[in-house]
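Got chain A; can you put chain B on it based on the hints?
Listed in order, the protein sequences are those of chains A and B. Per our numbering, residue 1 is the first one in the first sequence, and the count goes up by one each step. Per our numbering, residue 1 is the first one in the second sequence, and the count goes up by one each step.
Hints listed in this document are in silico derivations from the structure and should not be mistaken for laboratory results. Some hints could be false.
To be verified - Here are the simulated lysine-lysine pairs, DSBU-like style, with alpha carbons at most 35 Å apart:
{"hint": "1", "chain 1": "B", "residue 1": "Lys9", "chain 2": "B", "residue 2": "Lys175"}
{"hint": "2", "chain 1": "A", "residue 1": "Lys229", "chain 2": "B", "residue 2": "Lys9"}
{"hint": "3", "chain 1": "A", "residue 1": "Lys123", "chain 2": "B", "residue 2": "Lys114"}
{"hint": "4", "chain 1": "A", "residue 1": "Lys123", "chain 2": "B", "residue 2": "Lys13"}
{"hint": "5", "chain 1": "A", "residue 1": "Lys7", "chain 2": "B", "residue 2": "Lys114"}
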Amino acid sequence: MFSYIVKRLLWTIPTLFGVTLLVFSMVHLTPGDPAAAILGDKANKQSIADLRAQMGLDKPLYEQYFIYIKNLSHGDFGKSANSNEEVMSEFKDRFPATVELSMVAMFFAVFLGIGAGIISAVKRYSIFDYGSMFGALAGVSMPVFWLGLVLIYFFSVKLGWLPVSGRLGYEFDIDHITGFYLIDSLLAKDYEAFWDALKHLILPAIALGTIPMAIIARMTRSSMIEVMKEEYIKTARAKGCSRFQVIFIHALRNAMMPVVTIIGLMLGSLFAGAILTETTFSWPGIGKWLVNAVYQRDFPVIQSTTLIIAIIFIIVNFIVDLLYAFINPKIRLG
Amino acid sequence: MENLLEFIKQYKKNRAAVVGFIVVVLLLLTAIFAPIVAPYSPNIQNLADRLIPPMWDAKGVSSHILGTDDFGRDLFSRIIFGSRISLMVGAISVGVSLSFGLIMGIVAAYFGGKTDLFIMRIVDIMLSIPAILLAIVIVSILGPSLFSAMTAIGIVGIPTYARIVRSSVLAEREKEYVIASRINGSSNFRLMFVVILPNCASPIIVQATMGFASAVLEAAGLSFLGLGAQPPTPEWGAMLSDSLQFITTAPWMIFYPGLAIFLTVLSFNLMGDGLMDVLDPKLKDK
Numbered sequence: 001m002f003s004y005i006v007k008r009l010l011w012t013i014p015t016l017f018g019v020t021l022l023v024f025s026m027v028h029l030t031p032g033d034p035a036a037a038i039l040g041d042k043a044n045k046q047s048i049a050d051l052r053a054q055m056g057l058d059k060p061l062y063e064q065y066f067i068y069i070k071n072l073s074h075g076d077f078g079k080s081a082n083s084n085e086e087v088m089s090e091f092k093d094r095f096p097a098t099v100e101l102s103m104v105a106m107f108f109a110v111f112l113g114i115g116a117g118i119i120s121a122v123k124r125y126s127i128f129d130y131g132s133m134f135g136a137l138a139g140v141s142m143p144v145f146w147l148g149l150v151l152i153y154f155f156s157v158k159l160g161w162l163p164v165s166g167r168l169g170y171e172f173d174i175d176h177i178t179g180f181y182l183i184d185s186l187l188a189k190d191y192e193a194f195w196d197a198l199k200h201l202i203l204p205a206i207a208l209g210t211i212p213m214a215i216i217a218r219m220t221r222s223s224m225i226e227v228m229k230e231e232y233i234k235t236a237r238a239k240g241c242s243r244f245q246v247i248f249i250h251a252l253r254n255a256m257m258p259v260v261t262i263i264g265l266m267l268g269s270l271f272a273g274a275i276l277t278e279t280t281f282s283w284p285g286i287g288k289w290l291v292n293a294v295y296q297r298d299f300p301v302i303q304s305t306t307l308i309i310a311i312i313f314i315i316v317n318f319i320v321d322l323l324y325a326f327i328n329p330k331i332r333l334g
Numbered sequence: 001m002e003n004l005l006e007f008i009k010q011y012k013k014n015r016a017a018v019v020g021f022i023v024v025v026l027l028l029l030t031a032i033f034a035p036i037v038a039p040y041s042p043n044i045q046n047l048a049d050r051l052i053p054p055m056w057d058a059k060g061v062s063s064h065i066l067g068t069d070d071f072g073r074d075l076f077s078r079i080i081f082g083s084r085i086s087l088m089v090g091a092i093s094v095g096v097s098l099s100f101g102l103i104m105g106i107v108a109a110y111f112g113g114k115t116d117l118f119i120m121r122i123v124d125i126m127l128s129i130p131a132i133l134l135a136i137v138i139v140s141i142l143g144p145s146l147f148s149a150m151t152a153i154g155i156v157g158i159p160t161y162a163r164i165v166r167s168s169v170l171a172e173r174e175k176e177y178v179i180a181s182r183i184n185g186s187s188n189f190r191l192m193f194v195v196i197l198p199n200c201a202s203p204i205i206v207q208a209t210m211g212f213a214s215a216v217l218e219a220a221g222l223s224f225l226g227l228g229a230q231p232p233t234p235e236w237g238a239m240l241s242d243s244l245q246f247i248t249t250a251p252w253m254i255f256y257p258g259l260a261i262f263l264t265v266l267s268f269n270l271m272g273d274g275l276m277d278v279l280d281p282k283l284k285d286k
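Isolated chain A (complex conformation) (with noise of 0.2 Å):
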């Protein structure tokens, strides 16, 4: 175990070479003269030349990309262009946000992908499995911030039972521990906080968990068809095991591997997926930023938003590997 997690970390590392790379060779893929770009049409030619030594683009590349290296190994990923605040501390402030939307999302996605794929998977072929089935497809389907927005329309203008946008009421207020505001709510004993902020988080949620909670549906369902045929099911049954038993017990729990590491899988990909529905929703994350700083070409932060995403991104996907190497051992020795 120990020589696959030293080989498979030293795999991250040409990865991860390869995503600074990319992302510090944003600024210069930029046709024009990225300082020109982000000052816009009326900078004169000395604040161009101020910005371009400011970024440090007066310098030879090989030289830039090193002193990029140097500057992100202490935590220094530059001062957004448009605020001049640390980016790492904007992003910081936002993070939670973004997190928080994505596990209300992904426990959502798990707690009805998981059900409805068993339910499916049991009675094959009724009419629960074909609905259910056809659902999930239309699920990966959909297009999320179209859903989010009829989802508004249903929820929040139609019916009022839920808000439209944001994270809190303006009527609260709470001390920011965690940045997670149902656990701030929660430290503060302020329940009515708690509810209000569960109540923005229910329809981001639904729209950011319908296409992984299909994913996860679809997975559960040929997972435990597949497991359902084995042997030691009907050694089971023979044995007289109740329909639960079986059911959750033994085919179940063998079942779940292969959920599990596309719910792994799944995670990094939800920050991303947050972008579309964080912008439906005015959700203050992380997503919502990026695509403001696109339109102002803001490039330290659209670099390091990215970048920290695919870090991320290749964390988790680490952390599943070894947690799919660790239940199986078939990938470790093989």
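Okay, now just chain B, sitting in the frame of chain A:
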């Protein structure tokens, strides 16, 4: 011919896939004959007719089936012309992904060794950044436009095709017919593209169909974010983005362009599912 009849017979067994196929054909016809089908030009503004609801609404009029937008443009006509853009985006993006992915995958698998390692590292790096994020990075380099969105989606799709082609070619590479052809003196180029490739077509066709669906979805997403098609282009995602502020007053501006995206993507996915059943049943449970 016999093979084709057998294929049709097998495909017809999946009713949902047949429905998907029919919708795709209708969509193609709509796109081709858009100027005939659409009652109005997609960009003609008529401020006197702004924000008219669909014809079945009490305030609706029969001359505007799905109503009008805030510039008085006919929504039905814009959606019909939008099908041209969506199909074009799908075709071009898949074309870009497929051509580069195919060459990368086939070269990696055929030559193996360091070539394989090098190409697959590039693929891994591309896959280490989530698709929509990588697309946004590319669009931010090229500047927001429909062309940038198509290029970005095309590039983002390359690694998926490269992986699929590579694994199929790896499975075929050592088969007897390939060895026989090599002994007969076939060049590497001939072996790769004439001898091996046609035998790897099934998973590639399935992926291309599914890839078409995701390209349409991603392009609509980028346009919704304002990073793809720009106004007044009748692109479905851009139409949704323009209608955000009218969610309370003119919800039809949101429903129908989104429904068009959903039905298009769903039809291609249903078709892909059906093709997978027939061409590559092993893939189905993966």
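query = Is the straight-line distance between the alpha-carbon of B:Lys9 and that of B:Lys175 35 Å or less?
reply = holds (29 Å)
query = Does B:Lys114 lie within 35 Å of A:Lys7 when you go C-alpha to C-alpha?
reply = Holds - the C-alpha atoms of B:Lys114 and A:Lys7 are around 18 Å apart, at most 35 Å.
query = If you draw a straight line from the CA of A:Lys229 to the CA of B:Lys9, is it 35 Å or shorter?
reply = OK: A:Lys229 and B:Lys9 at ~28 Å, within 35 Å.
query = Has the given pair, A:Lys123 with B:Lys114, been kept, meaning a C-alpha gap of at most 35 Å?
reply = Given that 35 Å is the threshold and the Cα spacing comes to 49 Å, the pair is violated.
message = Given the hinted pair A:Lys123 and B:Lys13, is their Cα-Cα distance within 35 Å?
response = At roughly 21 Å apart (the allowed maximum being 35 Å), B:Lys13 and A:Lys123 satisfy the hint.
Of the numbered hints given earlier, the model fails hint 3 alone.
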